[in-house]
Amino acid sequence: MNENIAKATVSTVPPTPAPLAPEDLPSSEARILVASPRQLMWWRFRRHRIAVVGTIVVILFYLVAIFCEFIAPANPDTIDGAHKYVPPQQISFIDANGNFTFRPGVYGLSPHRDPVTLRLSYTSDPKQWYPIYFFSTGPDYKLWGLIPSNVHLIGLGPNSDQPFFLLGSDRLGRDMLSRIVYAARISLSIGLVGVTLSLILGIILGGISGLYGGTADIIIQRVIEFLRSMPTIPLWLALAAALPPQWSPLYVYFGITCILSLIGWTRLAREVRGRFIALREEDFVLAARLCGSSQMRIIWRHMVPSFLSHIIAVITLAIPGMILSETALSFLGLGLRPPVISWGVLLQDAQNVQTVAIYPWLLLPGVAVVIVILAFNFMGDGLRDAADPYGR
Amino acid sequence: MLQYILRRLLIAIPTIVAISILSFVLIQLPPGSFLDDYAAQLAQQGEEISGQQLEALKQAYGLDEPVYVQYYKWVKGIVTRGDFGLSLEWNVPVSQLIWERMGWTLALAISTLLCTWLLAIPIGVYSATHQYSKLDYLFTSLGFIGLGIPGFMLALVLMWFALSHFGIDVGGLFSQQYQNAPWSAGKVLDLLRHAWIPILVGGSEGTAGLIRIMRANLLDELHKPYVISARARGLSERTLVWEYPVRVALNPFVSGVGFALPDLVSGGVILSVVLSLPTAGPLLLNALTAKDMYLAGALVLLVGILTIFGTLISDILLAWLDPRIRFSAR
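Chains as they are written, first to last, in this note's numbering: chain S, 1 to 392; chain P, 393 to 722.
Next comes chain P alone, as it looks inside the complex:
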């Protein structure tokens, strides 16, 4: 097992390097160096940047040097000092802006994932054990619609509904009075009042997909001889279903963690723009429209690394759950 985990960690390293190169390319993509933009922006605000200062900045980012040296300096800054470069738009180091946002992104993604499972597993089991019942049809059709409706549309409609029927603005994660308040019981309650919409909407697509997978897998299992023999021995229906076939049918859930996390994070970008959540999404969008490339590159890099860890965790869980994977990987 330890050997397997080590192997997977080794495979993850080149992927992280590739993502860092990609993020760096993104930073370089817009025409013109970022210092020109910076100087132009300062000039626009009526400030004059001295040639000396410009030279110092050039040195710090290695802008006169070949691209690979610039890349090396950028990576070195991140690894050794946690320095992601300078945000042009906010005029502060990128590292000051991103960590809180990344924390919220991760928190939302994980709670969405848990909520997805909490909904999808029981519903999938019910649908499979009560195949072709009325509730099964209801869940199946709801699932189809959940797959078809893009999350941001659903969020828009929900927000519109809440605003026009109950007169409440459900955007953001906090009400105005708690926005900058210190943490308290009231703030937590307020957070819960707001967070259910992004969690539910963000999870709708994943839930629908997982219900379908769970239902199909469990239906395959339920007709296998071991189930029949267990039933013949007089096991209660509940133990029978939950103890054996459900466990087998759970595999795709675990292997899904890897892809669910990137999907949640990337789908969350648009959703959080619509709902104006304090996650990485709106910050990334702003950074991209303002051509604030160091900020954008840092966000893409971090979100990418986040998803790689998601895949890693799911691989390890899967190997722990299913010995066949552990041994075939040798």
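Bound-form chain S, shown alone:
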């Protein structure tokens, strides 16, 4: 495939006055001259520090989503009536005897009721100190619903019956950290699935529009213009509200992704169309046609590889939009519904400002959303710059 990209981009390289053999040049320049486009893209991307950081954050989040059962210290649905609305526990290196240890730990909680407001609150009790163990045993789970295990990344080990709420607990005493981690699986995968669906639509419709032109092009362009001038969120809301309420969570999940991608494909289609139109006139396409290549071969062997990198960049920038839309829909109660856990579903608890003012840690799922979206945006920006290694 590398060869094809090289072939495809030959015409965009500025012609050098006299062909220089790579060995005549200083080594760094020679490296650039003989580098494959993929290498050039990688070098260019690497220079974009913040994009690299964004990529690492995105990868970490997806790892968490893939291994959420292992990462989460508790079962996200376990209700603990004795520990409702526990504030985030602080990690401490001072043990019960007041000595410094290298092992982090948490203090036990002692509840007390406010005599006036009757509200239950918790203070940490420095007399009880429970060390945090890595790869500790905890509640049983099945990884991906298949592999039974009880090893968690972090936990209190032998003291696992003690409260352990690093990010606090919600109104039913469920562990926020575990819930946020499990929610990552749903929220992040909806972005990927939604983008895949809109990519399929976008490539087919954009490709037809760009390759054949004429009436098909005009119709598709009108449809895109129409969809783009629609206020998307009211439309999403209306479509999501029309999903039958008796559907199972899995159906609702796919229904929501379909709705998101039905409206989201237009940008990708525009991009693909633009690329096809630009490439149609390129010399290497003409050459391939004169050599007798079939239309399909020209598309898949010559045209697609040369704009694939642009499409990848556009996709990366489209995923955060999908994640955000799901969050917004679920937040309003029209998207996914409990018992499904997504960031938007978790944020439903934070809808009431009065509640948030008392229990601010209910906003933490939103922090996760913001971090992922920023990371995706940085990564996409870097990819977009790198996708055109022969630009400035």
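Hints were generated in silico from the structure; no laboratory data involved. Don't take each hint at face value.
What the hints assert, rightly or not - Among the chain P residues that face chain S by a calculated CB cut under 8 Å, a handful are:
no.	residue
1	Ile541
2	Trp552
3	Ser556
4	Leu677
5	Gly696
Note that the Cβ used here is the ideal one computed from N, Cα and C, for glycine as well.
The hints should help you fit chain P onto chain S, whose structure is shown.
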């Protein structure tokens, strides 16, 4: 110019028709006819609807007839009598509910747009003329964060902050005492005290995007020969920048009106739910959750038409600003 405007108006008509069809489909989407729901709801409240009344309503909405006749009757009602159908939940004609809401929606969207421009243009110009200065870095990073944080999160955090630190509830557009009071100087002041949050939050994303566009465009312009030659002739830096390159860089702002308005209106839906504003958003959400489909359909239709007019205005402005568009469209 007149010819161009006429052409654009003609193009807008099929789009409006398409939106009306879409809104009508939305009304039809929930299973069961709305009359069944209506009868069931009345029965729940202990009222009995007579078969005769039911029949009369059926006639009025053409529910026995094929879908396209129903659609025709619905559109005809809107165009000739301003009748959008009956709101099930409120038990009043939809038209009584929506106009005030639509007015607030439009007012908020326009003031947000103006505020976006007022902020984005000077900041963008400053960032471009002082590239890589400390303030430029500050604005650029603020812009990135503004793009990344969803508006409703920002609104939640602001509300939480205002409530926990100053003890004030900033939701809504009016304080309790002015809610139903007649218009007065005090009410206007109260409105201004509340409106800045939705305007600022709603505009944050757009402002961030426009600052980036303005900065990039102006940077491209600033190195062109005409700028250098103007500088060589001794024009003051201020006239030089504002008189020529800024004007060229302004094009995306005008073409952005078309997409900014739909974005503001649709983003405003969620924002106004969080901030409980008297705009179309919360009404639409309620209508959808209660399956009050005539109300929901009317709101989607009106918001859609609003955005089409936004696009129309921006196209006309752009053609007026840039003769190339005017002539190429012939």
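Hints, verified against the model:
no., hint, result
1, Ile541, "holds, 5 Å"
2, Trp552, "holds, 5 Å"
3, Ser556, "holds, 5 Å"
4, Leu677, "holds, 6 Å"
5, Gly696, "holds, 6 Å"
Checked against the numbered hints given earlier, the structure satisfies every one of them.
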